[in-house]
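For reference, the chains in residue letters:
Number of protein chains: 4
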Amino acid sequence: MSNSVLSSLDALKIELPSWGFADTGTRFGKFFQAASAIDTADKFADAGMVNKITGCCPTVAVHVLWDFQKGQDPKEVAAAAEKHGLKIGSINPNLFQDQLYKTGSFGSADPAARSAAVQHGVECTELGKVVESNTITYWFADGTNYPGQDDIRARKRRFEACLKSCYEALSPSQKMLVEYKPFEPAFYQTDIADWGMSYVMCKKLGPQAKVLVDTGHHYQSQNIEQIVAWLLDEEMLGGFHFNDRRYADDDLTLGSIDPYQIFRIFSEIHGYAAETGEYPEIDYMIDQSHNLKPKIEAMIQTVTTAQELWLKAALVDREALHKAQISGNIVDAEAVLKKAFNTDVTAMLAEWRESKGVAADPLAAYRESGYAEEIEADRTRRRKEAGITQESSYA
Amino acid sequence: MSNSVLSSLDALKIELPSWGFADTGTRFGKFFQAASAIDTADKFADAGMVNKITGCCPTVAVHVLWDFQKGQDPKEVAAAAEKHGLKIGSINPNLFQDQLYKTGSFGSADPAARSAAVQHGVECTELGKVVESNTITYWFADGTNYPGQDDIRARKRRFEACLKSCYEALSPSQKMLVEYKPFEPAFYQTDIADWGMSYVMCKKLGPQAKVLVDTGHHYQSQNIEQIVAWLLDEEMLGGFHFNDRRYADDDLTLGSIDPYQIFRIFSEIHGYAAETGEYPEIDYMIDQSHNLKPKIEAMIQTVTTAQELWLKAALVDREALHKAQISGNIVDAEAVLKKAFNTDVTAMLAEWRESKGVAADPLAAYRESGYAEEIEADRTRRRKEAGITQESSYA
Amino acid sequence: MSNSVLSSLDALKIELPSWGFADTGTRFGKFFQAASAIDTADKFADAGMVNKITGCCPTVAVHVLWDFQKGQDPKEVAAAAEKHGLKIGSINPNLFQDQLYKTGSFGSADPAARSAAVQHGVECTELGKVVESNTITYWFADGTNYPGQDDIRARKRRFEACLKSCYEALSPSQKMLVEYKPFEPAFYQTDIADWGMSYVMCKKLGPQAKVLVDTGHHYQSQNIEQIVAWLLDEEMLGGFHFNDRRYADDDLTLGSIDPYQIFRIFSEIHGYAAETGEYPEIDYMIDQSHNLKPKIEAMIQTVTTAQELWLKAALVDREALHKAQISGNIVDAEAVLKKAFNTDVTAMLAEWRESKGVAADPLAAYRESGYAEEIEADRTRRRKEAGITQESSYA
Amino acid sequence: MSNSVLSSLDALKIELPSWGFADTGTRFGKFFQAASAIDTADKFADAGMVNKITGCCPTVAVHVLWDFQKGQDPKEVAAAAEKHGLKIGSINPNLFQDQLYKTGSFGSADPAARSAAVQHGVECTELGKVVESNTITYWFADGTNYPGQDDIRARKRRFEACLKSCYEALSPSQKMLVEYKPFEPAFYQTDIADWGMSYVMCKKLGPQAKVLVDTGHHYQSQNIEQIVAWLLDEEMLGGFHFNDRRYADDDLTLGSIDPYQIFRIFSEIHGYAAETGEYPEIDYMIDQSHNLKPKIEAMIQTVTTAQELWLKAALVDREALHKAQISGNIVDAEAVLKKAFNTDVTAMLAEWRESKGVAADPLAAYRESGYAEEIEADRTRRRKEAGITQESSYA
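Residue numbers (the UniProt record's numbering), protein chains in the order written: chain U, 1 to 395; chain S, 1 to 395; chain C, 1 to 395; chain Z, 1 to 395.
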């Protein structure tokens, strides 16, 4: 094993989502956890714990509506994160929850909705400047539920105009990531439905707009590593949202359903780095909300799985691979990938962690830390004091 | 057009869901409607209005947790429905919302969850006896989110045992419908995932257990009409949940995405009736919750679309179809279906409606009735008085 | 009904595929037809018959390997088509059948394969100039069957280079259409897998390269009409391959599985025309090979179905639609589409056909013509004379 | 590692398909291999080589139409197999290739097709008795391409009757496996489309009829391990066809796309064995035809991959798994699976192979054997002598 394989782990900084530590659920209800975060301070504390335990999660993504209070100085929020050793990562506007967005935000036929949405996007950009975050991450719930509901081309043009307004608010060091998703919550048509639509939009905007790939946002059987390879080749890949899925957008822990696919995605990145001499500038962000797994454990599991698969992909013998590819030897080319994938990287990961001063087995270390028990007690008490119940509401 | 075609509409009684008149949403939030039902009385009033306007929706499905109060005499609920010209239709247990059901109900490894679930199932059955409802409709959110989470065969056996306990509580005139769904809210494995699993369970239970087909609960590209045909042939089809979908379980109005598919499903039923001389005993139930379309309008649209496609399917020239099929004439066989599907049945529907004393265009009649304005004013006032807001909650 | 609705049919010229009249099959075998075309002359005769009967199929797509003989003057082929009242339509290179293309054509790691492929592309372009065909239609079977088999980015770059060489051979009046397809015959990764990949390629090539949409080449549940709308808005839609499918690329007659979807696609085109004042320059081509339906009947069925759905889509009341869309009235907007879709257009089609001097019911007219019996007898005799058997070969 | 883990490999006997050694292709053409088998003797030689190299493939599946000559004594075929150390495994009828089967075999509306099909099924059964094969494997291409083409319920009943006739021909020691497949070559409806349909048929037939699971024959996202678990629990799982797929029925080498899924399937079998004390009686058969990978190498790759994933699945700590499952500890339960899956089993496999007297690395051993060069030279010469070309035929 070369040093470069191990040091490739240094290129994998993983951003944690503040919203991943609070109670969430499906449309059928929430299952509550006593240890779930009550407020932004809790979220930062939990994210800080994950970073402390894993040594590779120095930033936390924030969700503007949920993490910033009206009138609050954003620097206070940044300071709260720093208290737990974290910097503010990507800024996530919320363009889907207000009643105004009933028929969309940037795509809505209602000028008031579009105007409010653009204003929110610009505010998020300004907020990013204040907290020194360079990434504004746009996900749109926009779309229609029924054929005919709206004019698809008109919506596309509204998107172009609104995105342009937000793009123009960027400082030179900021970038805008445009996420795509084939469906949900829109049921008939989603405005930014696939990588091609995101690409078309970003190309029109300029060099500070890039495509965001959420690993769970694809059609069944779609080849995600090919999309990643194309975006890399076009210098249009801005970031990832990490998760896994079986059916729809299931927000499962990364690699829990199909680890080989994640390995192949990472292999494309290592291949790009091998060719260009450096890793591409990509934001690796987790986007997961767990309602069954303990939230902090699930985050640690995703982080360690990402490192494990990243390392396996770094082990791909690219020279042997290239030789087999050029000579049309399919069996050997595939075997190069499989050999790397089947390698047990436990010891290597332990070595890297030791060099960073973190425990070889982060999940075990977390469990031994007593943190879970501590926050469970504390938050249970605080909920009680504040009169917050965690019971199913029968709608 | 023969009389039998028109009178075939008499066989299509459509049950309305009480929960379809209240505010609902996706996991990303709810979009509220001023006219949405506040309580069960509102729901019955709305369902009664749909029945009055369409003339073919004499029953309303109830959801036990949401429509019956602890300690309340169920007959009061039945009386409330009768006030609006309705009878109580299928009884729908809720086995997914309580915190106890975190890892499932009938399939849970937790004996307390299973016990509570069976008790609820039996209570629903008893409640059905009181309100003279003969159909208990079981949908299970049960499943697992991750590989290994639970033992699939153990869950299957727990299901067998729990279903048996509920089955045994049935009176001779009651039946139990077992619904299947491939995914959601479980993400890795759903205990009753397809028609085969529902069939296996029902066969073990006995003749009062039948399969429930929700038109939105299938894999992409799965042939629903074939499943319907097989279940009919096996005398195992107990009922339908009507809706449409494009991607997942999208709860769209029936036939809004693929009307030809619904037509083909109905054609299987007419074919069965043509052969046996009578329509099968099937409960036709709507299961839709709309957060964008006005709820009552959406229900009327589904009912009239169902009638329209049912009538088109009744127009299939079965003799010509059979002749083409037997002689291997694919083009002509297909053309028989297409001809019926392409027939404009507006006038025929008007004729049938006239004979039933309802308006030829139910949606227009509803809009002219002033009902929407009336309930909007009334419920807005009542919400105000009760301090109920319809604003997005930022979680 | 306005005149413009009826005259919109004039904009729908449908190109027939020469290969659609010969025996074909699945990988499991062929089912032969006595009336199938033996040679290119037969194919042109059959296509000419379909055009004569329908009045809207003036061109025939040719497949270079199968319709042109080595050393033959291409003008002879054009003359053979003209004999049957047809012009040569799109030129279809074959870049998948030669043993040289085992690992691809433009994407192959083998320079000899790429070189031969480019040479064939250029030859097809030159051939197009000779026979006065302005459309060169590229479909690529290129891809890989296994992870690692080849370098995805390298394949992309090879494609860029090869496409460029072919593009440069175009005369100013020629255009190049680039088709996409998610899978088959490649099983793991297809080089031009979706509209985005085709778009990226065409954009790099220049204004004479456009995207070709085959209605059967999409992921399950993908919204084809949205892709069409986007491509129209980007002025990047060059043509269609008409067919239908349920599962994979099933090559079924257009609208046989989901007619409403085809209607919605056509509605996007009419909407574009309503806005710009003219129909876009699009090649409407059939790509179907039938092994069960009689080939000529299947073509007639597709042509008449296309006209029927095109006409229904032309009936969409765009003003009412726009009004409902702008006011967020989802129910009414959808109803505008449904009303047009449900209209019986039989009489309108008959009127248009009468005005063109063709029979009101083309399929019936074809059957009465005696053509089928004639070619069946003729071709059976010729096969016998030439010693051609139509029996299953047991491999 | 306990002995029982290693010895679990003894339970995994893998059957090779005779047809997997001959040239095959997709509907777009074949890519030929010089070393491909010309006749049944070649196929047995190749299968014998795979068995010699791997030590775990003692039987070869035969395809009646392709491996047995009219009038030939079947014992000659069995003797030819024995010459290479093999026994005849499953008998595979061919009910799809004859022109008579244009609209199906057991499901056809044509009594002559059904009669021929049943006769063939019975003949295959008798042939099985002669060659001492106990497994008759039924796969049906039956289905329809268009809505209306045939009566689905009528087809179902024809299937019941024909299957019964074949079932009755079984000797007490023979069993009949009924395979399901959602689509292809039928495009609209497949008669035995899913496990439920196969199950219903087998239940009616009796205890000698079991379901055959082909790992490539499922809907996108369908949970195959759950189907396996249910069939095991119902004692209805008769066998597997091993392969992998990404999109449709892609016939890829096992585990090449999603190895974790195959691991989970095997884990269900080990779990059943752990509970019952013995491995279920299942036929593990490869069904793959490769047109790009060298055929023998692909078979060895599938066999070794199967062993590797089987062994990993045997390493699952079932006690720890059960404990985590019962206590609702999702993270730990999943980790038990992941730990086993991530274990490097190379050394263990080498140990087992050594104990069986075969090489630790079968693929390397095969390559060193010189067999590939030998058959390539021999078969090239024989093809030349027989005037067999391996060139693309331009249809």
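Be aware that a few hints might be false.
A pair holds if it fits inside one copy or across any two, identical chains being indistinguishable in the list.
To be verified - Quick list of in silico lysine-lysine cross-link-like pairs, BS3-like style, CA-CA up to 25 angstroms: (1) K164 <-> K83; (2) K75 <-> K30; (3) K356 <-> K204; (4) K204 <-> K70; (5) K164 <-> K203; (6) K30 <-> K204; (7) K204 <-> K164; (8) K52 <-> K70; (9) K30 <-> K102; (10) K30 <-> K129.
Hints listed in this document are in silico derivations from the structure and should not be mistaken for laboratory results.
Small disclaimer: the values here were computed from a predicted structure and weren't measured.
Outcome of the hint check:
In the homo-oligomer, the alpha carbons of K164 and K83 never lie at most 25 angstroms apart, since the shortest distance is 36 angstroms inside one protomer and 56 angstroms across protomers. Proximity of K75 to K30 under the C-alpha cut-off of 25 angstroms is found in neither arrangement, the shortest distances being 32 angstroms within a copy and 32 angstroms between copies. Taking the shortest Cα distances, K356 and K204 never come within 25 angstroms of each other, neither inside one copy (42 angstroms) nor across copies (45 angstroms). Taking identical chains as interchangeable, the C-alpha atoms of K204 and K70 are never at most 25 angstroms apart, the minima being 33 angstroms within one chain and 46 angstroms between chains.
Within a single copy, K164 and K203 get their C-alpha atoms as close as 11 angstroms, and across copies as close as 21 angstroms, so both meet the 25 angstroms cut-off. Taking the shortest alpha-carbon separations for K30 and K204, neither the intra-copy value of 40 angstroms nor the inter-copy value of 33 angstroms comes in at or below 25 angstroms. In this assembly of identical chains, the alpha carbons of K204 and K164 lie at most 25 angstroms apart whether taken from the same copy (8 angstroms) or from different copies (23 angstroms). Taking the shortest Cα distances, K52 and K70 never come within 25 angstroms of each other, neither inside one copy (30 angstroms) nor across copies (49 angstroms).
Within a single copy, K30 and K102 get their C-alpha atoms as close as 23 angstroms, and across copies as close as 9 angstroms, so both meet the 25 angstroms cut-off. Neither within a single protomer nor between protomers do K30 and K129 lie at most 25 angstroms apart by alpha-carbon distance, with minima of 35 angstroms and 32 angstroms respectively.
Violated hints for the displayed structure, listed by number in ascending order: 1, 2, 3, 4, 6, 8 and 10.
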